[in-house]
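Q: The listed protein sequences correspond, in order, to chains A and X.
What the first sequence shows, in our numbering, is residues 1 to 298, in sequence order.
What the second sequence shows, in our numbering, is residues 1 to 196, in sequence order.
No wet-lab data here; the hints were simulated from the structure.
Treat the hints with caution; some may be incorrect.
Computed beta-carbon distance windows for the label pairs [stated by the list, open to error]:
(1) A/Ser291 x X/Arg66: 31 to 37 Å
(2) X/Gly46 x A/Arg41: 48 to 54 Å
(3) X/Pro13 x A/Val170: 49 to 55 Å
(4) A/Ala202 x X/Phe195: 21 to 27 Å
(5) X/Arg72 x A/Asp142: 16 to 22 Å
(6) X/Arg66 x A/Arg129: 27 to 33 Å
(7) X/Arg20 x A/Asp10: 20 to 26 Å
(8) A/Glu120 x X/Gln96: 46 to 52 Å
(9) X/Gly69 x A/Gln29: 40 to 46 Å
(10) X/Pro13 x A/Val105: 26 to 32 Å
(11) X/Ile40 x A/Thr219: 38 to 44 Å
(12) A/Ala202 x X/Glu190: 28 to 34 Å
(13) X/Pro70 x A/Ala202: 45 to 51 Å
(14) X/Pro70 x A/Leu117: 28 to 34 Å
In this text the structure is predicted, and so the values were computed from the model without any measurement.
Each residue gets a CB set at the ideal place from its N, CA and C atoms; glycine is no exception.
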Amino acid sequence: MSTTTVSLEDAVLEAAAHLYVWALKDIPQDLRDALAAARDRETSVTGIRVLETIHRNVEIADEQKNLVCQDTGIAVYYCRVGEDFPLHPAGIYRALRAGTEKATVEHPLRSNTVHTLTRENTGPNVGYRVPIVHWDFIPDWDGLDVKCVPKGSGSENMTFLKMLVPADGVNGIKRFVLESIVGAGGKPCPPGIVGIGIGGSADYAMHLAKEAIARPIGTRNPDPLVAQLEDELYDLLNETGIGPMGLGGDVTVLQCHIEHADTHMTLNPVAVNYQCWAARRASAHVGADGSVEFDREF
Amino acid sequence: MATHEVTFPITDPAEIEKLRAGDEVLVQGHIIGIRDRTQIRIFDQGVEPPMDLAGAFLLHTAPNVRKLGPGRYEKICIGTTTSARMVRFTEGLGEQYGVRAICGKGGFPDEAIEPMQRLGMVYFAIVGGAAALETTQIEEIEEVAWEELMPECLWKFRVKDFGPLTVGIDAHGNSLYRDVQDRAKTKLEELYARFQ
Chain A
1 MSTTTVSLED AVLEAAAHLY VWALKDIPQD LRDALAAARD RETSVTGIRV LETIHRNVEI
61 ADEQKNLVCQ DTGIAVYYCR VGEDFPLHPA GIYRALRAGT EKATVEHPLR SNTVHTLTRE
121 NTGPNVGYRV PIVHWDFIPD WDGLDVKCVP KGSGSENMTF LKMLVPADGV NGIKRFVLES
181 IVGAGGKPCP PGIVGIGIGG SADYAMHLAK EAIARPIGTR NPDPLVAQLE DELYDLLNET
241 GIGPMGLGGD VTVLQCHIEH ADTHMTLNPV AVNYQCWAAR RASAHVGADG SVEFDREF
Chain X
1 MATHEVTFPI TDPAEIEKLR AGDEVLVQGH IIGIRDRTQI RIFDQGVEPP MDLAGAFLLH
61 TAPNVRKLGP GRYEKICIGT TTSARMVRFT EGLGEQYGVR AICGKGGFPD EAIEPMQRLG
121 MVYFAIVGGA AALETTQIEE IEEVAWEELM PECLWKFRVK DFGPLTVGID AHGNSLYRDV
181 QDRAKTKLEE LYARFQ
């Protein structure tokens, strides 16, 4: 799909509005494949019941063009901004916010955003510091990549951080991930994607864990040592028997993704962020001329 | 594991007693949508719910709807939220209001097992996130109370073939969630030993 609009800010606004609704209604092919494979390998009665129901649900969402899940989430965007992209990030943020609002009002979508103390609803899925936008800046480029990840609360509530010490080593990381996912049980709508952030600082490890759940499913960390840990944890997590929706079974997670950063010699932080089976994600590429292309490439 | 069909609200406690953890259930009749703020209002703020909850089936939900007119709403997408946040209301719902079934996703922690057994209640596990399907099984939004809590109002839905649900906790002291956790904790020790 490709469109051209006059103002660059309008182009980003329209792209965001489209991405939010598209992500909610039409799950990516990599996720569909992972869910089909999960259904094929599950052997428990309740697990098969859950995975068959998920399959029916995705078919109905496709047929009726309805939302896959009612939780329209908190809108999270990842932006890769080329240093020569003609719209300043302040303008990009304004457009993402207006696009989120437009999608919410026009569809209409359930508005989830509330003041964190009064719990009063703040309006059409926007509020103070919401939507949440993460930024990367790319040298020698004039384009913009935007990825929308509507993040449901059931999975977001299953987020864990531990400041391990260096002597805990890699085994400490494995133990913490395993105990976190077992403790989460059925609450984050398994089987989903376990995102792990290691290294950096406390806040950065958490940021990396969130980045990990937003990757296309089954992609591997380019560092072979980290990729090996992804494989190992994926196998270990699927031996816990938590199963689909925590009712017991063979498939507890669809994937395990890890992002890492170098860290202080005294630190060994590990953050775990969960993404439910309805791992919604959609992205767009916006050109300097305002042209927009939609895909699921990143 | 048996398969049952139950119509709510129920009047005969045997309709609940016959259900065993792991059984599959399809629900007919009327169900009541409820969520965090709705229950905070009932129990923490002491406001009487303006709907009869005797023999009721409660669904942990906050739907996407379109307003048609005063007190009238059309469904857009209705799904189910995580139950564990609301476990502390279980005893009050059963004892004071006669609720007999609570349906949500992700399960109730073990503290729900005793009151559910004592009061003859059951917890139904739905497939979380399967809202497109769930929406087709809700025929109509018949009544809405406490609209100011939107979307965490009290909702009355008429349903047809609502499910498949799995009995997660039955009225006989059994919980699939406790069983799965017990087995997983034993398994974890085995896994730790492998790399320690």
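Q: Go through the numbered hints given earlier and state which of them the structure violates, listing their numbers in rising order.
A: 5, 7, 8 and 10
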